[in-house]
Structure formats: structure tokens, C-alpha cells
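Colleague: Those sequence lines, one after another, are chains A and B. Every number in my numbering is 195 more than the matching position in the first sequence, counting from 1. Every number in my numbering is 195 more than the matching position in the second sequence, counting from 1.
It cannot be assumed that every hint is accurate.
The list treats identical chains as one, so a pair stands whether inside a single copy or across any two.
[As the list claims (entries may be wrong)] BS3-like cross-link-like pairs, simulated, lysine-lysine; straight-line CA separation at most 30 Å:
hint, residue 1, residue 2
1, LYS581, LYS296
2, LYS493, LYS224
3, LYS267, LYS617
4, LYS576, LYS268
5, LYS438, LYS224
6, LYS267, LYS576
7, LYS203, LYS295
8, LYS550, LYS583
9, LYS493, LYS554
10, LYS433, LYS224
11, LYS493, LYS203
12, LYS550, LYS493
13, LYS493, LYS576
Read the hints as simulated data drawn from the structure, not as lab findings.
Here is what each chain is made of, one letter per residue.
There are 2 protein chains.
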Amino acid sequence: MAAEQSKKWILMVTAQTPTNIAVIKYWGKRDENLILAINDSISVTLDPAHLCTTTTVAVSPSFQQDRMWLNKKEISLDGARYQNCLREIRARANDYEDEKKGIKISKNDWQNLHVHIDSYNNFPTAAGLASSAAGFACLVFSLAKLMNVQEDNGRLSAIARQGSGSACRSLFGGFVKWVMGKEEDGSDSIAVPLADEKHWDELVIIIAVVSSRQKETSSTSGMRETVVTSALIDHRAKEVVPKRIIQMEEAIQNRDFPTFAQLTCSDSNQFHAVCMDTSPPIFYMNDTSHRVISCVEKWNRAEGTPQVAYTFDAGPNAVLIARNRKAATLMLQRLLFHFPPNSDTDLDSYVIGDKSILKDAGIKDLNDIEALPPPPEIKDKVPAQKCKGEISYFICTRPGRGPVLLPDESQALLCLETGLPK
Amino acid sequence: MAAEQSKKWILMVTAQTPTNIAVIKYWGKRDENLILAINDSISVTLDPAHLCTTTTVAVSPSFQQDRMWLNKKEISLDGARYQNCLREIRARANDYEDEKKGIKISKNDWQNLHVHIDSYNNFPTAAGLASSAAGFACLVFSLAKLMNVQEDNGRLSAIARQGSGSACRSLFGGFVKWVMGKEEDGSDSIAVPLADEKHWDELVIIIAVVSSRQKETSSTSGMRETVVTSALIDHRAKEVVPKRIIQMEEAIQNRDFPTFAQLTCSDSNQFHAVCMDTSPPIFYMNDTSHRVISCVEKWNRAEGTPQVAYTFDAGPNAVLIARNRKAATLMLQRLLFHFPPNSDTDLDSYVIGDKSILKDAGIKDLNDIEALPPPPEIKDKVPAQKCKGEISYFICTRPGRGPVLLPDESQALLCLETGLPK
Numbered sequence: 196m197a198a199e200q201s202k203k204w205i206l207m208v209t210a211q212t213p214t215n216i217a218v219i220k221y222w223g224k225r226d227e228n229l230i231l232a233i234n235d236s237i238s239v240t241l242d243p244a245h246l247c248t249t250t251t252v253a254v255s256p257s258f259q260q261d262r263m264w265l266n267k268k269e270i271s272l273d274g275a276r277y278q279n280c281l282r283e284i285r286a287r288a289n290d291y292e293d294e295k296k297g298i299k300i301s302k303n304d305w306q307n308l309h310v311h312i313d314s315y316n317n318f319p320t321a322a323g324l325a326s327s328a329a330g331f332a333c334l335v336f337s338l339a340k341l342m343n344v345q346e347d348n349g350r351l352s353a354i355a356r357q358g359s360g361s362a363c364r365s366l367f368g369g370f371v372k373w374v375m376g377k378e379e380d381g382s383d384s385i386a387v388p389l390a391d392e393k394h395w396d397e398l399v400i401i402i403a404v405v406s407s408r409q410k411e412t413s414s415t416s417g418m419r420e421t422v423v424t425s426a427l428i429d430h431r432a433k434e435v436v437p438k439r440i441i442q443m444e445e446a447i448q449n450r451d452f453p454t455f456a457q458l459t460c461s462d463s464n465q466f467h468a469v470c471m472d473t474s475p476p477i478f479y480m481n482d483t484s485h486r487v488i489s490c491v492e493k494w495n496r497a498e499g500t501p502q503v504a505y506t507f508d509a510g511p512n513a514v515l516i517a518r519n520r521k522a523a524t525l526m527l528q529r530l531l532f533h534f535p536p537n538s539d540t541d542l543d544s545y546v547i548g549d550k551s552i553l554k555d556a557g558i559k560d561l562n563d564i565e566a567l568p569p570p571p572e573i574k575d576k577v578p579a580q581k582c583k584g585e586i587s588y589f590i591c592t593r594p595g596r597g598p599v600l601l602p603d604e605s606q607a608l609l610c611l612e613t614g615l616p617k
Numbered sequence: 196m197a198a199e200q201s202k203k204w205i206l207m208v209t210a211q212t213p214t215n216i217a218v219i220k221y222w223g224k225r226d227e228n229l230i231l232a233i234n235d236s237i238s239v240t241l242d243p244a245h246l247c248t249t250t251t252v253a254v255s256p257s258f259q260q261d262r263m264w265l266n267k268k269e270i271s272l273d274g275a276r277y278q279n280c281l282r283e284i285r286a287r288a289n290d291y292e293d294e295k296k297g298i299k300i301s302k303n304d305w306q307n308l309h310v311h312i313d314s315y316n317n318f319p320t321a322a323g324l325a326s327s328a329a330g331f332a333c334l335v336f337s338l339a340k341l342m343n344v345q346e347d348n349g350r351l352s353a354i355a356r357q358g359s360g361s362a363c364r365s366l367f368g369g370f371v372k373w374v375m376g377k378e379e380d381g382s383d384s385i386a387v388p389l390a391d392e393k394h395w396d397e398l399v400i401i402i403a404v405v406s407s408r409q410k411e412t413s414s415t416s417g418m419r420e421t422v423v424t425s426a427l428i429d430h431r432a433k434e435v436v437p438k439r440i441i442q443m444e445e446a447i448q449n450r451d452f453p454t455f456a457q458l459t460c461s462d463s464n465q466f467h468a469v470c471m472d473t474s475p476p477i478f479y480m481n482d483t484s485h486r487v488i489s490c491v492e493k494w495n496r497a498e499g500t501p502q503v504a505y506t507f508d509a510g511p512n513a514v515l516i517a518r519n520r521k522a523a524t525l526m527l528q529r530l531l532f533h534f535p536p537n538s539d540t541d542l543d544s545y546v547i548g549d550k551s552i553l554k555d556a557g558i559k560d561l562n563d564i565e566a567l568p569p570p571p572e573i574k575d576k577v578p579a580q581k582c583k584g585e586i587s588y589f590i591c592t593r594p595g596r597g598p599v600l601l602p603d604e605s606q607a608l609l610c611l612e613t614g615l616p617k
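Next comes chain A alone, as it looks inside the complex (with noise of 0.2 Å):
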């Protein structure tokens, strides 16, 4: 670094960056420090609207090391996974000059300037909803452009994948594939776009978010058990995801929705299988996930054709996607049929996101949910008790838009003075 410059400047770079949902799941890795599946798997990426990390990334030379704060907590960067990050983003550096504000970086200067990393997640980060790919995906995307690292998004999801594996998803928006690729060194698994999020805007997504009592498996230690023990691993990575794949691309070129849920569900129900051929076996869901799988399995059959696809990650919560925005309505209206609030919720914070669904549906306040009738398809079964309680809250929201660099300062996380959290 040219010693003339000041030790004071602060150079900055905030992005956004979305989670997104398997409908072909990853479940299984081949290399567990690089990060590599043994399958490939396919998401939809969530609207950064309701759904997304936002991270600022700083450098300076006035910085004495690398830090990173996590939802306003400070946390370590030691563990492997960002260090992997840091490491090969760094090594894709370029020089930088700013000569208004007298900034010049030249590209192995960057091995020894510190950053400061901020991120923050614009959803409750313990209710399981993909924050750490929204996360590595955000860290990846904002240290490039700090960097100015060259490379495509495709490029920088295999950094990304080496964070979290499904966050290589999150660097497209729309739908998209992440190939595993064949290289030991993994520069083959990355994220490709198959349609941007413009190409099937009709479908809504609503997730219900589950109230839980159990302490959950963690995603990694649970597929690393999975491929030791399960009988059946193998056969679904080798000979049932790869035909998934090729009918899936296809259902989503096409838009075809029934091809597309009867996947989605399919495949979401298998990975739950093969967590439960675990030895010990894996509980993501519970018996609130089983019911909004019957509530949307029983409605389906009634309809003829699937208004909605379920898909569960690594949790009790339900990701429904409904055909279209008419879909979506009559879906609101079962889900809070079957789950109404405890009374003490207000409706306000029982369904977030994008709430013109819920007056769609006709609900203004509770006494509308109370007054909901009881679906059709169920007349001659209606249950005896509503599972209240059982749901803590829905978002609604829908396919949506890949990283985006938010460059107004005033959303930047970290003070381009002290280069500390504001």
C-alpha cells in the first residue's frame, strides 16, 4: 500500500441478497470442507422484499482485523466456512483506485487490509428460514464488488457453496440449478439461472412458520449422518433426483404447474424419508407439518389438479406455492381456518409480507378468521378442534430478484466513519 496514503479512508459496499427454497432438494455431501452434494438440486429464489440478508463489508487500513457482526451481535469469523470465503475472495482481488477520495489498492493489497462485515436478516433468524444462505451468498456478493473481483455470479456461487451450500443458489434470482459438478476441487458446482423471476410470476408463495418446541438437527450434522447410515441415500442421489431434475427444468420452462408441485412435493417428502432412514433417525417435521400437508393434500384431490406445492427444508416449517394468486387466497383461508391465532396475536403480525393476499381473502381483523367456514373438501370431516397456537406466523411473498448492491450510504450497515456497526 503507498505509504502516503491516509490511514483514515473507509471503503464500503452494502448489497442485498435473497434466501431461496429447494423444490429439488440437496441433501448429502461428497466433500464436506469444499462443500460439494452428491446430487444436483433446484430452488426458487424468495422475493428480497420479505425475505433477504443485507450485508455492508468495509476495508481500511485504520482496521486491526477482520471482524463481523451478525444481527447486531459480533461473532467469530474463525470457523472454516468464512475463512474458506475470505480466502478465495481475496485471492480474486483487483487492483482498486478511487482518486477523488485518494483510495488506491493494488490487488495484493488486499491480503493484508481487514474488513468489517455487517449483515442482518430482515426475518426472525431462529425460525429457520434459510438465513445462512441469504447470508453467504450476501458476504460472498458484497466482498467481491468491495474486491472488485471480476468474476460472474456463477463464479462467485462457488465461493458462495463454500459458506453454505444452498447460499450458490442464492446468487440468481428466479429459478435456479446448482450442478454438482465432477471436479475434486469443486470449480464445476455452481449455481445456474434456469428462468429469471419474471418468467412464472403468477405463483405466490406462503410459508408457515411453526411453532416448535423441539430442538432440531442441524443441516449439517444431519445429512453428514445421513450419507454415513441411511440404505437408501445412495439410490435417491444416483437414480431418482437425476430424472427429478430433467422434469423439473422442464415443468419450470413450461410452466407447468402440475408437474411442477407433484415434483416438489415428491421430492420434499423423499428427503424427509431418507432423514428418517438415519441412524438416529431425523425429525424435521412435526404433527403441525403433517397437517398442512393434509390440509393441501386433501384440497388438491378435491380440485382435480394442485393449486398448491409443499416443500419443508431442514424444519417443522411449511414453503406452500401456490399456482396463482387465486390459489394463493383460498390457501390463506384454509391455513387459517385449521390454525388461527392464539387470541392474544394481533393480525398484524399473524400474516406478514405481502398482506394484499390476506385482503384478498377477505380478512380484516380476527373475527373474520373465526368466522371463516369450514373448506369444502373436508364437510363431512371437520375436526373437532382448530389447531391454535400451532403456527406462529405466515409470510406471504413470492419468486424474486437475485443480489442487488444497494448504493445509497443511508442503507449501509456499518459508519463509513468509524467503520462500526451505526
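Assemble the complex: chain A is given as a structure, and chain B must be docked to it using the hints.
Modeller: Just chain B, lined up with the frame of chain A:
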């Protein structure tokens, strides 16, 4: 039939047949009518003192039609399963003569003589405890004795199989294998005894009957849907189970509990995995079932070697097989700690069967249950809430004998004078 015979005589046989619990599961038929399985299975026969069916079958020239009573209620014999069993037994009937009573029935008479059947389970039918297995085994066994059928229990098992697949395994005590067979007519799809009930008499079995508010998918339709829709069931039936059958037979011969437990738990979990891989998915276990598994897994891990194996059939009830009496006692303490009875339940109806296990566990009343300390393996994570009321009751039992005749007329369920239920 000789014309001079009185129309008044009634000939009667009473038998008792055990239930069984599969440790390598039967799930999936290759022939729906003959009930031929897609894989071998292995079961433990349960002590009929605690779980069995008693059936009285009677024949008389005065009976106008075949009739049956099950648990005091008359039921229809029209179903194919009953008709198959009746037809197959009648086809193998032989001459019978009792000079004293003036009864003479020639081989061909049986086709025209009607039977009365009265069957009774010594356990709640609705509890999902394989009542059809014991029931059809007992029907076939008692009819065979009545009609002087000379075939051995192995041949009779092929007939009972046509009533309910798992019924064939109830023709023997101890450990039993149902060989799937190869013949199209099912003649080689029979049960064979692996070891009698004295071979491994240390084992103690505790059944946790789970309170359930959900209607379950019948195993008949469930396994049909799995065979048609699961992408994993073929691999299970053809690749996984054959190896497990060999290992399980060896484990039973060697009384090798660790291997027995590992196979039993894995195969139960895999059966539930393929149910979940079915479209629409089938959930037989519920959150309570998961909690029982977690309790067993934690304890087994803490001990370093399995103390208890668990297995679940097509419902939420847990069948726990303890390596010996001491392990059963410690298991029961753990279960009662996590799942205390509702305060209006009396202990005598909460733990039934072999109550000496309860005595060994030092439990004399509900206060003793409340006073149970948390098991040491959960010392840092004692649950905030206990799962009161989630279990309806426990049955303590053991491996048991096969079918027997009950020669004492007082044990008959039908009246010798009227041929009607007593």
C-alpha cells in the same frame, strides 16, 4: 351326511393365537388377492397371556349360514379375505367321526356345513396392535382343527396369509420368518419358525399405546400406494431387506442384542421412510412416537451399547424390546418420567400386562411416578414440560408361544347348546 344323524349336534373347537410384531417389516404386496409380499419379514411373537385372540369355531347341520362375531358384535363374512380362508380350509378338510356323540362327517360334507365363528381379543382392538394378525391366524388354526385338516402350521400359515399377510407369522411362537416365496400361487409364501420362545427368554417387551387424534391410513391401502408411488420401495425390497434378513437371522441365533436392536430400529425407521416417500405421504408416527424414539436413542447412546430396540407398525404405538429385565425396568422408569399418566388415570390401568416390571421399577402409586428423577443422560436438558397424557397405557410383556387349543369347554366363546355367543 348320513341321513340318520340328528340335526342337533354341534361340534366345536376353541383356540388361542398370539399377535406378533415385525422386526424386519412387511410393506408391499406383489399379489393383492393372494397377499404375497415383496420381501421376507421377521417377527417376534408376543406372549398370548397379554395379547392374543381367542376364537371358537363350531359346525352343525342346524346352522343356516356361516356367521361370525368379533368382540361380541356380529360382522359380515362376505369379504374376500374371510372367503379365501374358509374356502382353503374346507378344501383340505378330512373325515371326522365321534361315535359317542353320534357325529360322522365325511370329507365332502364340510362344503355344505355352515360354521359359526366367535372371536375375541384380550386387548383393545382400536389400539392398532395387529389384531388382524392374531385374528386370522386363530380363525385358520381353529377351523383347521375343527375340520380335521392334517397340514402342519407352515402350510396353515399360507392360508392365514390370505386373510392378513402378517397373520401367517402368528402360527408360530418365538421368532418367525415369513418367506415371501416365488410361486405364483403363493404355495411357498409361508411362515417358518426361526427359534422358539425359550431361545431368547431374557427379552422383555413394553408397548406404549399412544393417544392419537388422527385417523390413520389402513395398511392395505397404504402399502398399495407405496408400491405404486414410492421411488424407494423397490430398492428397499430388493437390495436392503434381503441383507437385513440374513443379518437378523444370525443376530437371533446368536442372541446378539446390539445387532438385533440396530437392525430392528433401522428397519422400522426405513418402513416409515418409504411411507413418507409415498404420494400422498403416509405418516403413522406422530410427535409422541418421535419423543419415545428420542428417549430410547439418548439412553442407548449414553450406555454405549443398545439397551432397548424400538419398532412401530402402521400407527403411532411404540413396541420396545429390552435386552433383559433390568433394561426393561430402567426403560419403564424413563417412559413414566417423560409420559406420566393424567391425574385421573389409575396406575393399575396405566401399566398393564406383566406388572412385576412396575414393581421392580419401585412404582407403587402415582406419587412414585411424580418422584422419578430425570434420567442421568438428559441431566443438562431436562424438558420444561412432561408429556402428560400422550400415552394411553403401557403393556409389559415378552416373547411368547404359538397357537394352542383350549380343550376346556368353559373357555369356549360359543354355547354348545345353541351355537351362539355365550
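Colleague: So which of those numbered hints doesn't the model satisfy?
Modeller: Violated: hints 1 and 11.
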